[in-house]
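**Student:** Here is what each chain is made of, one letter per residue.
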Amino acid sequence: MTKRLGRLPSIYLAVVFIILYAPIFYLIYYSFNSAGNMHSFEGFTLDWYREVLQDTRLFIILLNTLVIALLSSAISTVLGVFGALAIKGVKTKRFQNALLTLNNVMIVSPDVIIGASFLVLFAIVGMELGFGSVLISHIAFSVPIVVLMVLPNLEEMSPSLIDAARDLGASRWDVLTRVIIPYISPGIFAGFFMALTYSLDDFVVTFFVTGSGFSTLSVEIYSLARRGISLTINALSTLVFLATLLLVIGYYLISKQRTKPKEVRSVG
Amino acid sequence: MQDRTRTRNIYLIPYMLWIVLFVIAPIVLIFYYSLLNIDGAWSFENYKRFLSPIYLDMTLRSFWYAFLITGFSLLIAYPTAYLLTNTKHKQLWLLLIILPSWINLLLKVYAFIGILALHGPINSFLEAIGIGARQILFTDFSFIFVAVYIFIPYMILPIFNALEELNPSLVAASRDLGASPWVTFRRVIFPLTLSGVKAGCRAVFIPALSLFMITRLIAGNRVITLGTAIEQHFLVTQDWGMGSTIAVFLVIAMGLTMILTETGKKVS
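Just so you know, the protein sequences line up as chains A and B, in that order.
Letter by letter, the first sequence follows residues 5 to 272 of this note's numbering.
Letter by letter, the second sequence follows residues 324 to 591 of this note's numbering.
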């Protein structure tokens, strides 16, 4: 089918690629615009970057975002590994399926629902909105993805490995730390990375549970963007874009041998 | 056997705690709040209000937008995925297609505020070819356009994976037996990749109903989706009861979408 159409397929693909990348490069291009708008390029300037780097408020927000991301992904990785072990350890198929369904409910739930329901939850418990509520929410919505990343590794692990370790006199703790965890480490690593990007990228849930005193980068970008065009957002986007690129490249380089590039982040 | 049961329970405790606190409790709370009126008394008032023409109209529109967004994404994504499977370095191209999905959604949306603005490049182009500049931002068109842009990678990936699983000898056989390319596509390729199409539609349709930042930033207050309405009720008017009621309907819509796009096997 493709042969008869000649060059048309390549042109189609090229157009899709250009459309996918154009907005990103458009943002980056105008981050160097001295005119201060996004439609007529006047001259090259690094002023907007200087403004971003000198903004202490923004710096604190960036630190908040990183602390939340690292803490929440570390904690949710531990919880997620427990979850995967729990699901694997359950003997009845029905209970196992029930656990998996509940796990997946969180993954498919739209962010607005998660955000709104967590807001209600925190209100009922009487918890103040801020760092704590954002951290707990990020842990909560990252756990299921870690479970899903770790579970396939656990499933393909032969039970005789554990039996052999036990026969050779390993304690249950040894079996966990010396046999199981090393074996499932690719899944743990992938889960941690996914949790990290979920947290860094989240806007909706954070927006609901953040209160007024605490902000993350996504929430800040949203409130800036609602006020209209400001080239500091462009400069900030360029930096975020480069950081994302480094993170993704780093991830693929580390996990190249083990996993195929098939992960895509879910939206909503 | 006895002590193995005990180990299993240890893993189960933190995980079950997570499920009860952050999966079950929030759903129950949303349902509970939907039955409270604005004064906090039990009533079906919110449901009556939801079934009034204003809210029904909003819901139908939201569904209509989500249908359009899903349809256009599919129209663009299917040929892209198909052509991608025929390229030489397909994993690399796929990675490049997915890469934009890792970039913060708000930044991509923000780029369109500039691109679609009155003096932006699209309007300059329209002016150059003689159509003339017009208001593009804050219209239904801009909302659908930006949403399709955002969702395309999420539609391409599952279709690409389904096409990869397709046995090429089936296509060859169909051609050998005299089927035209179109018949081969309609009777062999498309039915066999339907699971990917369904997974893609699921990944796009639910977020299209619920993402509120695209409507807020791109469509002003012209387009109100279920997600926008929930955000409005929870964070602006503070009418949590009505917000929860809309959330309940969004959950129902989500459940229906999941059933309709059930593929028989797990797609993560």
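Be aware that a few hints might be false.
Ranges between beta-carbon positions, derived for each pair [as the list claims (entries may be wrong)]: (1) Q414/B x N101/A: 32 to 42 Å; (2) L344/B x R230/A: 26 to 36 Å; (3) T60/A x L449/B: 40 to 50 Å; (4) Y16/A x L449/B: 31 to 41 Å; (5) R176/A x D562/B: 27 to 37 Å; (6) F29/A x R384/B: 26 to 36 Å.
Pulled from the structure, derived: some chain B residues nowhere near chain A, Cβ distances all over 10 Å [said to hold, decoys possible]: (7) Y334; (8) L449; (9) E488.
These are computed hints drawn from the structure, not numbers from a lab.
For every residue, glycine included, the Cβ atom is placed at its ideal position computed from N, Cα and C.
**Student:** Could you run down the list of hints and mark each one as holding or not?
**Tutor:** Going through the hints against the structure:
1. Q414/B x N101/A: 32 to 42 Å: 33 Å, holds
2. L344/B x R230/A: 26 to 36 Å: 32 Å, holds
3. T60/A x L449/B: 40 to 50 Å: 42 Å, holds
4. Y16/A x L449/B: 31 to 41 Å: Violated: the Cβ-Cβ distance is about 23 Å, outside 31 to 41 Å.
5. R176/A x D562/B: 27 to 37 Å: 52 Å, violated
6. F29/A x R384/B: 26 to 36 Å: This hint holds: roughly 34 Å between Cβ atoms.
7. Y334: Incorrect as stated: the minimum Cβ-Cβ distance to chain A is 4 Å, not above 10 Å.
8. L449: 13 Å, holds
9. E488: Holds, since 12 Å exceeds 10 Å.
Of the hints listed earlier, those the structure fails to meet are numbers 4, 5 and 7, in rising order.
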